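**Q** Chain residues, written in single-letter form:
2 protein chains.
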Amino acid sequence: MKIVPVNASKKYDIVIGKGILKDLGQLVKKSVKSERFAVIADENVGNIYLERVLSLLEKEGFSCFSFVFRAGEASKSPSTLNEIYSFLAREHFTRMDAVVALGGGVTGDMAGYAAATYLRGMEFIQIPTSLLAQVDSSVGGKTAVDIPEGKNLVGAFKQPALVLIDTDVLSTLPRDFLIDGMGEVVKYGMIKSKPLFEQLCRLDIDTISGEIEDIITQCVSIKRDVVEKDEFDKGERELLNFGHTLGHSIEQYYNYTGISHGRAVAKGMELITSLAAKKGLCSEELGSRLSDCLARYELKIEVKPGLGDLKEAVLNDKKRRGGDIDIVICEDVGVSCTRKMPVDEFLSWLED
Amino acid sequence: MKIVPVNASKKYDIVIGKGILKDLGQLVKKSVKSERFAVIADENVGNIYLERVLSLLEKEGFSCFSFVFRAGEASKSPSTLNEIYSFLAREHFTRMDAVVALGGGVTGDMAGYAAATYLRGMEFIQIPTSLLAQVDSSVGGKTAVDIPEGKNLVGAFKQPALVLIDTDVLSTLPRDFLIDGMGEVVKYGMIKSKPLFEQLCRLDIDTISGEIEDIITQCVSIKRDVVEKDEFDKGERELLNFGHTLGHSIEQYYNYTGISHGRAVAKGMELITSLAAKKGLCSEELGSRLSDCLARYELKIEVKPGLGDLKEAVLNDKKRRGGDIDIVICEDVGVSCTRKMPVDEFLSWLED
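Taken in order, these protein sequences are the chains called A and B. Sequential numbering of the first sequence, starting at 1, is according to my numbering. Sequential numbering of the second sequence, starting at 1, is according to my numbering.
The shape of chain A in the complex, shown without the other chains:
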């Protein structure tokens, strides 16, 4: 079992290990004083793990209630959120009680937002069950729901009291979701860690499971370091968006249905690195190394939109951010920086 302690506005542990879900009761007891728990999951994850999580908590003498919603990003909405609030009110939850997010990014984001806002804040525990949630969304305290006008537009910063990452749950994950999560894993290597990147270049999608606990721990530690420096997303945290500006534009082009987040980010990292090389901000060789690594995880993909199509999406995004745009560039493996530039300058990169 590995422990990554987080020292943000709240102190807590991220605990990572094979089969550690069985220790849930003990870990929860160490982290919160709560005695009543609201476990939130989607149908897919609920079918596999809900009974077990409830019985592990009940064995400790805790009272448990559960809320299960239809799987998918479409559920991360104000209307599901209102159902969660009603559920919490109906079961008379108090500020001392805890919300448990059991699932992937959608569940963690929405349950976390409910925990941040119901009674102005309850206790919150994350049990991420997808690779993407384990290395990215469960760490750092960003919670949100989507509104019709855009993804994650309404949210809060809410640090959990405990993140429990059981790598065994990845074995019940479709291979496709594992590939998807690898997009963010490669990103961590690129922006902050040459050793991680080189480790990834030794392995591939079929052999990575043997070292997954170590790899997740590295990713989580990198994100923890960044979040500790910039919990409220005013600078350093921007680095985590490597590949995301163009990645989001690709997702938007496909209306968030044709391509997964990890694949879009992978493509975004490739594109921005090749643009950066053209501008002399990194070597051409860096682009090939990135592409080779992505290929090992089946993340070397073709996308429909050309740079011209992406311009449109970037412009749209820009309206939400003001006149300048922050672009994350990797200068070498493990070495990254943010360049603030006028949106027009970045658009001209795309045109060239």
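There's no promise every hint is true.
Intra- or inter-copy, both count: the list cannot distinguish identical chains.
Said to hold, decoys possible - With a straight-line Cα cutoff of 30 Å, these simulated BS3-like cross-link-like pairs (lysine-lysine) come out:
1) 300 to 29
2) 151 to 340
3) 59 to 300
4) 151 to 311
5) 151 to 33
6) 29 to 234
7) 151 to 229
8) 229 to 11
9) 2 to 151
10) 278 to 11
11) 29 to 304
12) 340 to 30
13) 234 to 33
14) 279 to 300
15) 30 to 194
16) 30 to 229
17) 340 to 311
In case anyone wonders, no lab produced these hints; they're calculated from the structure. Nothing here was measured: the structure is a model prediction, and the numbers come from that model.
Chain B: place on chain A using the hints.
**A** Okay, now just chain B, sitting in the frame of chain A:
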């Protein structure tokens, strides 16, 4: 112009003065870097002040947009909130832009909650226009909306960047609202300030306007001191709830429509003080002094529910808070404390 600086998780000023709305542009410029403003008001306040506020901001070169909603507590709902989110998204507001709450408690609570959560937090400015909002709800950073299951059940702590209190706006307030606000004003004297209480006992509802700037400043300073010690409501802040446990029970008995908040709190303070005197926790004389003071502000009222009816409401409330209940007792004018007791013990007070 008086300035009460607040040193909470965010530093900002509460500025109080007669006619200071005209200085809005300058005060805003000193407080935020925002150049785009979303002014939120209900129809009543909007009809009187919206044009003026917009033109004061536009004169400084700012871009302004406004959102006006139907007046009344019923609007403080997830559905109005979603309309506000759509409005903010439609006008492409960013995290650097500011929400301006122009109005009473409903407007401040809801606009503040929108500012706390849209994009995980925008800048926020309060222009409270009711006495209740000026002395209570605009200070301290509590924001919320109601859900069908109860009032203020969903919310966030969000400190504004500026609170602008123009005492001139009270002159457009129906006398009834002035009386209502005085409930909280008397409360501040009782829990923390003998000089304020004595000042209130020299004046009455018709003569108070001559000293209102000074009185509001005292109230705001008291609340500021309490909030600085306990921003996230884990102890000291409880004192601000003097009269509120029974006050809320009275409001609940009337289904939040038959009696105003300030009147319910006034009655709650009287009841709890008379119960405390019976238990030897304060003198009988304290009760008469409080009653005499309340009478000066037309807050000496009869309510329908007896102590038996209130028991029910307290029990209901208790389910949300756990096994114990915190009761605020004034031992003397300006001297208050919190007593944690089992709910059953408090219920037996009501029975005796």
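**Q** Hint by hint, note whether the structure agrees.
**A** Outcome of the hint check:
1. 300 to 29: Neither: 44 Å inside a chain and 49 Å across chains, both beyond 30 Å.
2. 151 to 340: For residue 151 and residue 340, only the intra-copy Cα distance (23 Å) is at most 30 Å; the inter-copy one is 44 Å.
3. 59 to 300: Neither. Shortest intra-copy (46 Å) and inter-copy (54 Å) distances fail the 30 Å Cα cut-off.
4. 151 to 311: within (19 Å within a copy, 46 Å between copies)
5. 151 to 33: This pair counts as between: shortest inter-copy Cα distance 26 Å, intra-copy 34 Å.
6. 29 to 234: between (34 Å within a copy, 21 Å between copies)
7. 151 to 229: Classified as within: same-chain Cα gap 25 Å, cross-chain 37 Å, threshold 30 Å.
8. 229 to 11: both (14 Å within a copy, 21 Å between copies)
9. 2 to 151: Classified as neither: same-chain Cα gap 33 Å, cross-chain 43 Å, threshold 30 Å.
10. 278 to 11: Classified as neither: same-chain Cα gap 43 Å, cross-chain 45 Å, threshold 30 Å.
11. 29 to 304: Neither: 50 Å inside a copy, 46 Å across copies.
12. 340 to 30: between (43 Å within a copy, 26 Å between copies)
13. 234 to 33: between (32 Å within a copy, 15 Å between copies)
14. 279 to 300: Within one copy only: 23 Å inside, 76 Å across.
15. 30 to 194: neither (35 Å within a copy, 45 Å between copies)
16. 30 to 229: both (26 Å within a copy, 27 Å between copies)
17. 340 to 311: within (17 Å within a copy, 61 Å between copies)
In this structure, the earlier hints numbered 1, 3, 9, 10, 11 and 15 are contradicted, and the remaining ones agree with it.
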